[in-house]
Amino acid sequence: MLAWTIYLSFAGALIEAFLPKGRAGLARGFALVVAVAGLVIAAAGFAANAGHPRLTIVDVPWVPTMGIRYTLAADGINLVLVLLTGLAAVAGVLFSWNIELRTNEFFAFFLALIGGVYGVFLSYDLFLLFVFYEVAIVPKYFLIAIWGSTRREYAAMKLALYSFVGSAMVLIGLLAAYATAGSHSTGLVQLAQANLPAHFQMWAFPLVFIGFGILAGMWPLHTWAPTGHVAAPTAASMVLAGVIMKLGAYGCLRVAMGLFPHGMDPWGFSFLGIGSWRDVFAILAVIGIVYGALVALVQSDFKFVIGYSSVSHMGFVLLGLMTLNQVGVTGAVLQMFSHGILAGLLFAIVGRVVYDRTHTRQLDELERMHLSRRLPLAAAAFVITGMASMGLPGFSGFVAELQVLAGAWHSNPWWTAVAGVGIVVGVAYTWRALQKAFFTDVRPTAEDHPKTGWHDLDPITWPEVTAFTLLCATSLAVGLYPRVLLDAIEPAVKSFLAGGGQ
Amino acid sequence: MSYYAQLFFATLPETVLEIAALIVLVVDLGFLRNSELKVRALSASLLGVLGCAVALWSQSWSLSKGVWSFGIADTNSVLLANIDSAGAAQAGILVLTALTLLLLIDSRFTRHVGEFVAVVLMSAAGGLLIAGAQDLLIIFLGLELLSLGLYILTAFAKQSGRSAESAMKYYLFGGMSAAFLLFGFSYLYGVTGSTNLQQVMQAIHHSNGPSFDPLLLVSMVMIAAGLGFKVAAVPFHLWAPDTYEGAPAPGAAFIASVSKVASFALLISIGVAGAHSLEAWNSPHEGFSGPWTVVLTVMSLASMLFGNLAALAQISVRRLLAYSAIAHAGYILIALAYFKIDAGAPYESAGYYQGATAVLYYILSYGLTTIGAFGVVGVVERATGSDRMDAFLGLRKRSPLLAVVLLVLFLSLAGIPPLVGFWAKFNLFAIVLGAGAGRIPFALVALAVMLSAVSLYYYLQVLKRAFVMPVVDDPAGRAEKIRVHPVTIFVLIAIAAAVVVTGCFPTLLQNWIAGFYLKL
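Residue numbers (my numbering), protein chains in the order written: chain A, 1 to 502; chain B, 1001 to 1520.
Extracted from the complex, chain A is given alone in its bound form (with noise of 0.2 Å):
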């Protein structure tokens, strides 16, 4: 039943290219029809299956010649990134609810990328997955492009280009595990039991996950995930920060570590204590997470803070999976979905709450328009999310750190004081934009005209409220009780440590 969600989302996305041009409403109000379905078919998924093994869902030959199959399976990892999904989608949605030019276009590209998210989170089959996630750049650049704002093009042509070499180098890594595994196969399972010679998997590793890491925003290679968000309009940067973000992240648990799990292995001599890639990939997640704190503290443009913070909080979840214990890698699952829901959130309000009214992000100018007054729900909203990104316990972002930051003394316990920096540096720099935003104290002057004008911002409408606070209700829950994730995960990720890969 899970396969529906893919084929749903792309049906949709094919229906809304030829729905009547004009109609913006018919269109919005497909896309959600669409979305919440998707929704629903995660969830009720997630419920009936959570804490089982594997699911296999469907498995059919493809090209039999090539030993390629169509397979479709999920096991709690996968369950959880699904949920995800269609949380991300339905909220994408509601916050793209003014979106009025080339409407039906928009939801068509936009449903054609959830659908290939859908796809790489639902895969078991490597050259099935890759075709997913290719299939989910290009609707990735036409949203950008043409929806965008601030530098537009250049932002989606540097995203499509990042993401296409990253997937050139997954491609390389796909056809030489391929080909070195005997060409019978190019299944999950069967590539990872195919004991893939330990030289190999040295240098397959970190080509796979490098390429997945692109796209997971890892440090020095992040650079697209600013420009990319700040450009893109705020359904695409939720979906972008959400989801796609984890794609890569989820690549690089699933292929890379899964089929190449003895290139973490020790190299044999060690340079200023780096002995193996594992060390590497940690250490560059530690950079990523401290850089993108600090970089955050200075931004003028109060989408780069966001976009920032998502670099900085991607590198939580790429340390988690770099410490291989149970601990760590759970937390960086269960680390994909809140930031996934929280950085939408933020996305969010940012894009659609604020810049959509005021037309501005630059913080010293928002710092003059008393939003905390004018916009008084918008002000709570980001006070609430702000809080729980910054990893205020109660909320998803609080657990899922939590146990990496465990997970990471286990493994070396420098990881965890540097990524602790970046844990205070991160609740300063959400508490000054929180300030500049919205709290500001800056006086209204005379020529503020502070009395005329302040209802001139649009009210906050429905869907923005429905959205949120499905979103805010998630990531609340799962702070309150994460057994309701974690039950799904910690079998799955077990099995995926135990198994020394799948």
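What the hints contain is simulated information worked out from the structure, not anything from laboratory work.
If a hint is listed, it holds; no wrong ones were tucked in.
Partial chain A-side listing against chain B, Cβ under 8 Å, derived:
no., residue
1, V63
2, Y141
3, L171
In silico BS3-like pairs for lysine-lysine, Cα to Cα no more than 25 Å straight-line:
no., chain 1, residue 1, chain 2, residue 2
4, B, K1169, B, K1158
5, B, K1481, A, K21
6, B, K1397, A, K21
Incomplete in silico selection of chain B near chain A, CB under 10 Å:
no., residue
7, T1357
8, L1411
9, P1417
10, I1431
11, A1453
12, K1464
13, A1514
Even glycine gets a Cβ: it sits at the ideal position worked out from N, Cα and C.
Chain B: place on chain A using the hints.
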């Protein structure tokens, strides 16, 4: 069966095409002389398509009757064999020719449509001949038949100076490369004493151990130069951008697709039969198995790099397609250099089957996509008078269907799944990397994959104009709709649909090609 009957049956598709060409001429010049151009274009194209269809049918008939080969009985040498990879290539040539002719219906670059169609058909007959030829002389004959037609097609837009210029360049380069090829053939004959590919192969295989005749090396290089010209591989590519730019759109489509298919089919058979069995080194070194491999490797490396990088700088879409064609030729040459065959019994080995299938798959899907691309370029050119990228501005508004077709075709050329271009690349590279490949083929494949990431940039440049960028100034009423001939748009949509469907179900095309392998 008598000698001539055998010859007739083996060359049945070629004969049908020639007859169709004559019928087109007679009908056009004899009966429709005073008719409108529209009617003449329609009748000439449809007659040509009919000829292709009959040729296709006759090919399958001769295959089913087992009269697909022609040889000299007393020396037991086959001169022409229309099976295996050749059969698939021939059928592909016929289909692609028919598509080119259908795109002609709408063209207004000449009043002599009958002649144009006749030349296309005759050229295609040359293509059919070289795809199946097993003898150096027949190869050369077919190649000249094909090339002469192409020169004429390039020059066909008589009002256009660019057309004449490019035809002259094409002709001069072509004549030179034919001379190279003939020179190489003559050395090959001198060393082995035969013009028959099978016998050449056996002579090389038996007479040589680790040492080999330096004359053979010379002939390899010469042959590679001659054929490198046909497939537009660097450094023999100079004609391609000019020809693609100057030739009338259907002519350019024909050059870019049919001529490429025929030339690569020829490269498969020459590669297998002649040069591949030359084991210069006793044990393959890093994947190199002989001088032929080295020559092709150098050409493919240069083509991939130069083609992709030069395409980045183009502002004319036709030139962009030309440079991308050079890059694509580079990808295919990797496979031609490294597919593994058993030197003793080349046609029976699985490596030959897989390699030839992968190459054919690539070139056929590429040919199909390119015809579509030129079809779109042709329509846009007629509407705006230019093939510059800016002529594509606002195409989404002016003709949404055309824009979607362009999107599908260009993304397929860039190798984005699930379109056929991606599958063709994957298949090709997977075959090259098959177990036991050395480091050099791997490095080539890695480079090719990275360069296809580069190629996305220039394809997106065109798509960006079609979909994203607004029409800034609108002097010539650019935003008005483009009127597309119903047949043209139907053909283009059919091509785009085929690109999507064969991409999603790659086995369709694969099985179709495999159906021609009678021996396996």
